[in-house]
Amino acid sequence: MLLLNCPYCNLSCEETEFLAGGQAHIKRQSIDSSDQEFESYLFARKNPKGVHIERWQHLYGCGKWFHVARSTVTLEIFGSYSAQTLSPPKKIRANINKKLPEWHWENSK
Amino acid sequence: MKRYSSFAIVREAFRNHSGWKRAWASPIPKKKYDVVIVGAGGHGLATAYYLGKNHGITNVAVLEKGWLGGGNTGRNTTIIRSNYLQDPSAAIYEKSRSLYEHLSQDLNYNLMFSPRGVMMLAQTEHEVRGYKRTAMANALQGVPTEYISPEKVKDLCPIINLSGPRYPVLGALWQARGGTARHDAVAWGYARKCSEMGMHILQQKEVTSIISKNGKIGGVGTNSGDILCDKLCIVVAGHSGALAEMGGFRLPLESVALQALVSEPIKPVMDVVVMANTVHGYMSQSDKGEMVIGGGADGYNNYTQRGSFQHIEETVRSLIETFPMVSRLKMLRQWGGIVDMTGDRSPIISKTPLENCFINCGWGTGGFKAIPGSGWATAEMIANGEAGPLASPFSLNRFKEGRFIDESVAAGVAH
Ligand SMILES: Cc1cc2nc3c(=O)[nH]c(=O)nc-3n(C[C@H](O)[C@H](O)[C@H](O)COP(=O)(O)OP(=O)(O)OC[C@H]3O[C@@H](n4cnc5c(N)ncnc54)[C@H](O)[C@@H]3O)c2cc1C
Ligand SMILES: [Zn+2]
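Chains as they are written, first to last, in this note's numbering: chain D, 1 to 109; chain F, 1001 to 1415.
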């Protein structure tokens, strides 16, 4: 059972209160995007064996979406943060790098 | 390789079973092969087998990071059926199911294929309509299935509780020639025949990089040296994302954990497979007497081969509603596998952005039933360089073209 922290409620709750929403920070495409861009926006996923930056919804709580950095190999959680961001904040990156110095957001986008 | 037969058993009985040979060899790897297949699960091994059998290509290596059949092929609940909705699915799943009918003889290996019948319960009005539609689609596709009444359901499976309370059984989609088979034996049977044809099955050989030049495949790097090849096929199920990253491309896939569990062995109580998709649970009884139970997949990306505890609870809770007797059973084991889910719940059998690099993945929660047909179609694609009629609808291009093969209803519960 994962324990996730909702940054809005500032509460640590069990996984069953949340809904997983898949890869975070995917750039939305617009009407003039190419088929290729639309395909990767809609379907191509990083699916990493390692750090996954992902969306979660506090479904049975405040109902808000937020972001989580989590390892898909160890299930370790490196922290959660507001969905109103375009990339993981410094604090989260530092947390990840403490365990995984090789990891860079730019390479993992 | 010696044939397995009743005569062989008698012969061996007279010499303390000292004459049985290893089922497959552990050869010294060559530097280069015509075809290298990554992943010795059912799909990888079946692909190798049909490359040899149908296309005469035997200079083939199958590389496996663990032990053969140790991935989802050895972890699944072995339901075999072909009552899908869309024509391309019906074609490949029915090809597969019909190959299973004679596969034990073909491989000279007892796969314990048991076409005992698969029943998918309709427990809401939507499901009634959905399954009636599937039964009609199947009639057009030439796949014998039938929509049956609650009385027939009870007749076929007396331990079912028809009356709810939440979800009474309103009918079912019945495929009489669906069933189960012994999962390990499928991997072992193919491996034995591949080895007999001179192919190399190399276990504990993990692929760690993909070697390419000017967009063309050259080989793979492994934990013990490079292996070169003319053609590469990636068949690693839940690990496809990792291999795609090595090849420099992305896939429309996400890997999640799917679990199953078995009970203590009991006397025979059901001789069909029952799936209850609304409440998310399914059950069959193994030849050893264990009740084999599966449910839904986890919602988040995961590579740990475990699953979330609450899913076991959910699965068992819903099964108790449909099969009250389950509440008295002790569960023996629980395990998980990493399944590769596509958006339309259909597989991918395709070329990749790298020339001469092919991929077979995306079988998600339901690819055991597809092993023979998928291997057949994938071998055809590798041999000819182009997908044949069975595989071509499942190309990666369908995501760009919006040509989905939507099986989210037929795939229903994870099985
Ligand atoms: C709990 C559960 C229940 C299921 N129930 C059913 C069912 O009832 N009916 C049904 O039809 N399907 C079912 N499935 C789905 C089915 O098991 C899979 O679709 C099918 O087995 C996939 O076979 P495969 O050969 O593609 O993959 P796998 O059997 O997983 O084989 C892939 C192999 O690749 C290897 N590999 C990975 N990475 C590397 C690497 N870097 N280098 C070398 N080798 C590598 C792995 O070790 C593995 O052995 C179930 C799955 C699970 C987990
Ligand atoms: Zn909240």
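Just so you know, these hints were derived from the structure itself, not from any lab.
Each hint should be verified, as a subset may be incorrect.
[Claimed, not checked] Below, in silico cross-link-like pairs of lysine-lysine (BS3-like), each with a Cα-Cα straight-line distance of 27 Å or less: (1) K1288(F) x K49(D); (2) K49(D) x K1216(F); (3) K49(D) x K1400(F); (4) K1154(F) x K1065(F); (5) K49(D) x K1213(F); (6) K1351(F) x K49(D); (7) K1021(F) x K1216(F); (8) K1065(F) x K99(D); (9) K1053(F) x K1213(F); (10) K1053(F) x K1065(F).
Source: prediction; values computed, not measured.
Comparing the hints with the structure gives:
no., hint, in the structure
1, K1288(F) x K49(D), "violated, 36 Å"
2, K49(D) x K1216(F), "holds, 25 Å"
3, K49(D) x K1400(F), "holds, 25 Å"
4, K1154(F) x K1065(F), "violated, 45 Å"
5, K49(D) x K1213(F), "holds, 25 Å"
6, K1351(F) x K49(D), "holds, 23 Å"
7, K1021(F) x K1216(F), "violated, 40 Å"
8, K1065(F) x K99(D), "holds, 25 Å"
9, K1053(F) x K1213(F), "violated, 31 Å"
10, K1053(F) x K1065(F), "holds, 25 Å"
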